[in-house]
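Trainee: Chains as they are written, first to last, in the numbering used here: chain A, 6 to 557; chain B, 6 to 557.
Treat each hint with caution, since some may be false.
Same chains, same label: a pair holds when it works inside one copy or across any pair of copies.
Claimed, not checked - Straight-line Cα separation of at most 35 Å, DSBU-like style, residue types lysine-lysine; simulated pairs:
| id | residue 1 | residue 2 |
| --- | --- | --- |
| 1 | Lys225 | Lys308 |
| 2 | Lys227 | Lys307 |
| 3 | Lys197 | Lys430 |
| 4 | Lys430 | Lys458 |
| 5 | Lys225 | Lys307 |
| 6 | Lys430 | Lys154 |
| 7 | Lys227 | Lys430 |
What the hints contain is simulated information worked out from the structure, not anything from laboratory work.
There are 2 protein chains.
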Amino acid sequence: MNDESKQRLRVADPNAQPLRTLPPVSETFPNSSRVLEGELGVPFREIQLAGGEDPMRVYDTTGPQGCDPRGGLPRGRAPWIERRLADRPANLSQMHFARRGVVTEEMRFCAIREGVEPEFVRSEVAAGRAIIPANIRHVELEPMIIGRKFLVKVNANIGNSAVGSSIEEEVEKLQWAIRWGADTVMDLSTGKNIHATREWILRNAPVPIGTVPIYQALEKVKGRVEQLDINIYMETLEEQAEQGVDYFTIHAGVRLAHIPLTARRVTGIVSRGGSIMAKWCLHHHRENFLHTEFERICELMKKYDISFSLGDGLRPGCIADANDEAQFAELRTLGELTRIAWSHDVQVMIEGPGHVPMHKIEENMRLELELCHEAPFYTLGPLTTDIAPGYDHITSAIGAAMIGSFGCAMLCYVTPKEHLGLPDKDDVRDGVIAYKIAAHAADLAKGHPGAQKRDDALSKARFEFRWHDQVNLAPAPVRARQFTDQTLPAEGAKLAHFCSMCGPHFCSMKLTADVRALGQDTVAEGMAEKAAEFQRQGGELYVPLASTEPTP
Amino acid sequence: MNDESKQRLRVADPNAQPLRTLPPVSETFPNSSRVLEGELGVPFREIQLAGGEDPMRVYDTTGPQGCDPRGGLPRGRAPWIERRLADRPANLSQMHFARRGVVTEEMRFCAIREGVEPEFVRSEVAAGRAIIPANIRHVELEPMIIGRKFLVKVNANIGNSAVGSSIEEEVEKLQWAIRWGADTVMDLSTGKNIHATREWILRNAPVPIGTVPIYQALEKVKGRVEQLDINIYMETLEEQAEQGVDYFTIHAGVRLAHIPLTARRVTGIVSRGGSIMAKWCLHHHRENFLHTEFERICELMKKYDISFSLGDGLRPGCIADANDEAQFAELRTLGELTRIAWSHDVQVMIEGPGHVPMHKIEENMRLELELCHEAPFYTLGPLTTDIAPGYDHITSAIGAAMIGSFGCAMLCYVTPKEHLGLPDKDDVRDGVIAYKIAAHAADLAKGHPGAQKRDDALSKARFEFRWHDQVNLAPAPVRARQFTDQTLPAEGAKLAHFCSMCGPHFCSMKLTADVRALGQDTVAEGMAEKAAEFQRQGGELYVPLASTEPTP
Chain A
6 MNDESKQRLR VADPNAQPLR TLPPVSETFP NSSRVLEGEL GVPFREIQLA
56 GGEDPMRVYD TTGPQGCDPR GGLPRGRAPW IERRLADRPA NLSQMHFARR
106 GVVTEEMRFC AIREGVEPEF VRSEVAAGRA IIPANIRHVE LEPMIIGRKF
156 LVKVNANIGN SAVGSSIEEE VEKLQWAIRW GADTVMDLST GKNIHATREW
206 ILRNAPVPIG TVPIYQALEK VKGRVEQLDI NIYMETLEEQ AEQGVDYFTI
256 HAGVRLAHIP LTARRVTGIV SRGGSIMAKW CLHHHRENFL HTEFERICEL
306 MKKYDISFSL GDGLRPGCIA DANDEAQFAE LRTLGELTRI AWSHDVQVMI
356 EGPGHVPMHK IEENMRLELE LCHEAPFYTL GPLTTDIAPG YDHITSAIGA
406 AMIGSFGCAM LCYVTPKEHL GLPDKDDVRD GVIAYKIAAH AADLAKGHPG
456 AQKRDDALSK ARFEFRWHDQ VNLAPAPVRA RQFTDQTLPA EGAKLAHFCS
506 MCGPHFCSMK LTADVRALGQ DTVAEGMAEK AAEFQRQGGE LYVPLASTEP
556 TP
Chain B
6 MNDESKQRLR VADPNAQPLR TLPPVSETFP NSSRVLEGEL GVPFREIQLA
56 GGEDPMRVYD TTGPQGCDPR GGLPRGRAPW IERRLADRPA NLSQMHFARR
106 GVVTEEMRFC AIREGVEPEF VRSEVAAGRA IIPANIRHVE LEPMIIGRKF
156 LVKVNANIGN SAVGSSIEEE VEKLQWAIRW GADTVMDLST GKNIHATREW
206 ILRNAPVPIG TVPIYQALEK VKGRVEQLDI NIYMETLEEQ AEQGVDYFTI
256 HAGVRLAHIP LTARRVTGIV SRGGSIMAKW CLHHHRENFL HTEFERICEL
306 MKKYDISFSL GDGLRPGCIA DANDEAQFAE LRTLGELTRI AWSHDVQVMI
356 EGPGHVPMHK IEENMRLELE LCHEAPFYTL GPLTTDIAPG YDHITSAIGA
406 AMIGSFGCAM LCYVTPKEHL GLPDKDDVRD GVIAYKIAAH AADLAKGHPG
456 AQKRDDALSK ARFEFRWHDQ VNLAPAPVRA RQFTDQTLPA EGAKLAHFCS
506 MCGPHFCSMK LTADVRALGQ DTVAEGMAEK AAEFQRQGGE LYVPLASTEP
556 TP
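Chain A extracted, bound-state conformation (with noise of 0.2 Å):
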């Protein structure tokens, strides 16, 4: 953290009054614990599992541990980027590096984070099919990737508003986002200390941390949209750039004469940012001025390495909207100001919708892959319907696995709350594993390697009566132990050999295992003498296995 930066921290909280503090993540996470590999110490979550198995590692978002939110995370990338800072470099971005062959520590810590080489993240990142947002600022990050062959990864949105929410909160959001398994964090703030809950979060975040910087510029101009212009929008940008922001939406697709294309839509422009930047295009009758001053942009993004996330701001808003002209037309703008980015190395992704019925998802996927160059796609779920509000967490978790599926490369989350209020922690929890799972079916179906050992190692916990492990394999295992609780309540029902929701004469795996150990040779030592033996084993048909589980 720079001097000013921590200043702006303590200022942010003059009381120093200790934060509400989340249970410790071993609490949430039982049998489980982080586990740092290599030099560069790279996190997993390494789950203990009984039955003689090895443990479990998994992906790992949740951070260093018991730091005090008011003096930040240990700033590990720091002497990296005093080693490059000291080449006195123009461009700083991670593309630019990987053009010229160089793997950076970043790239090698993505590269342990995802089970591949090295060089395979350089040559994904050279070519703008991969991103690393990490802004050389943030030197609390723990990289990481987003392009569509790696692991597919899940935003999650947070910030206070005009309505709800203290710093405080903010932060404890955050915190508890990325328990869950968010890989990046949005902060949508756009009500009062904007800058200090930015700083709040950026100091006690060891994932990305994305913007829409527009909100804040519109702040300064008191909501008045006419008067925004590049000269507020580009001190905005610095401002947040100095602080440590890796991505920014930048809406800068929004043409003058994508706007007429929106008239007829049943649900117009939901987009903040694109309804915005149209409402100043008209009132001007003139060009966004994120498009006439992309290149301007590119210069400052270069400096910091931020990465673009373009903005759909003319994303459709609903069933009736879904892939028309305007989504289309804004797309291949975005294609041509990818070109541009990439002129300057600067990294780039494409934010995509939205609301789309199920048929029409292959379609955004594959013109976004041909119109932008296969930059990375980061979609908002999108929702298979708009009928269900209170619920879009699934409505829009089918379309992210989908999407996700045909090489989407990140999630943004929608919690049951979309559409009706603002998320609390359960609808936060929610909401992010429920993109967790899209994003894993997505890995599944994509083949991505290693991704289905954890549904192996469930279900042969499972299969074995290990519930245990079964829960503890759970993306939420304290809930995943109350429901067995609630219809198993004893202890000893843990080590129960049959499933409860079926009752002990009931269980198909008690039964299968029954024919599996008398059965399973039936075909190489003839059926019939099997069956004999069977029966010569006696005429119990539940017969007690031995146990695979020890007691806890």
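With chain A fixed as given, assemble chain B onto it according to the hints.
Mentor: The following block gives chain B in isolation, referenced to the frame of chain A:
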């Protein structure tokens, strides 16, 4: 209800204590009422909307309200059946009538529910591509149709087990499941009072009821699998047929030769019925008696018009086992059995997996259509990953939506408690709603006529800030309303012209309304003029709109 059943119903509850009652349907769905269309009284739920919008009619499964469960529902089908029985026909199946060109009352009823022509229903039933599960003894039934050219349907499982729940609770679960939209319900009871439980359920069921008769047959031989035989089984079928069960899951496809194919699986045989039959086959070293005596079963089915739900006893129970030789060998057998059932004019649907990664789902649907001659497919999920116990309604809603979009006709729900415990009321609600979402997303993807009406109505309400309409069109309006109340508690906020997620200054819908009001004719009238006009109309960005929703 015949006299014997009535007698049993009385015996089941000698003390005649009043049942716990659910809140009235009108509380669950504010501004909605049940309306009956035409002389057959086909039910719909009509949702009143504000803003001058026509009321929205949606498919309704809740059944007649206000009946004492001890007396059962009105016996609306009784006269139809009595007329048919006057001819003393040997075969009462809908398929039999359909193939002779007869359009039954049940077919006309389904046609009105689906918004199609009765002749289309008849031809689909005649071809075996759709079924109307409707036992002649289930006279309380409101007929419905299962087939891939109709709306995708959802089944909910209920049933006591050795571990929990009472008869009263099971009836309440039935009513609860159909309130949220379950199209059929399976009674999977295995414990005591199995006959009386089923009687209560049937007499109170406006939806088809399915069972797995092998469970009761096994109770009759006190759990000793090897003592099962076709006579005990037929006696069980006859008993359940007389009560009015509409479809039977029968695991006739688990053949002796298939069992060794499961030996290397991670989770073996996960179907309860499948594992029972596998054990029987191995014990006796004989072919499955459900397979060898299949035609005898057909003779009974056609007398009552009970539909086969041919069980997938060898369905995969984990990702590792998906689409394996055992699964597809059984599917081939089910196709052979379908031909035999159809030679008796007995209706058939085919059960399917289970656990399948996304990229293997389409193959399931394709092979089912090919091997089973387009008989309707009825799948359990499928779950697209094994890693998320506690959230398997979501892992499986993804797979369910996908297979539904490929042509699966009915989706068997999975609740958040799957693999962990017995579902409670919230779990049943959340399971059914997750599956209604999956089914609806599939209907949209298939382009079912009229499916998008509800999406459009909801999105229009959202865009016009008709908060009450948005909530009343949601799957669980009370929950949706609680969500809005948490963020915007005041009644005045329900009239607010901004979305609570963003606050008044950043509401894209608000901004779009401004943009649209001022800029939608820009192409025709010239951009520059409109921009000037926009400025003339005043500096206020957030012009209040005229309210589109009256105070409730």
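Trainee: Now tell me if each hint is right for this structure.
Mentor: Each hint, compared with the structure:
{"no.": "1", "hint": "Lys225 / Lys308", "result": "within (24 Å within a copy, 78 Å between copies)"}
{"no.": "2", "hint": "Lys227 / Lys307", "result": "within (29 Å within a copy, 75 Å between copies)"}
{"no.": "3", "hint": "Lys197 / Lys430", "result": "within (22 Å within a copy, 42 Å between copies)"}
{"no.": "4", "hint": "Lys430 / Lys458", "result": "both (29 Å within a copy, 34 Å between copies)"}
{"no.": "5", "hint": "Lys225 / Lys307", "result": "within (25 Å within a copy, 76 Å between copies)"}
{"no.": "6", "hint": "Lys430 / Lys154", "result": "within (32 Å within a copy, 42 Å between copies)"}
{"no.": "7", "hint": "Lys227 / Lys430", "result": "within (31 Å within a copy, 49 Å between copies)"}
Violation of the numbered hints given earlier is absent; every hint is satisfied by the structure.
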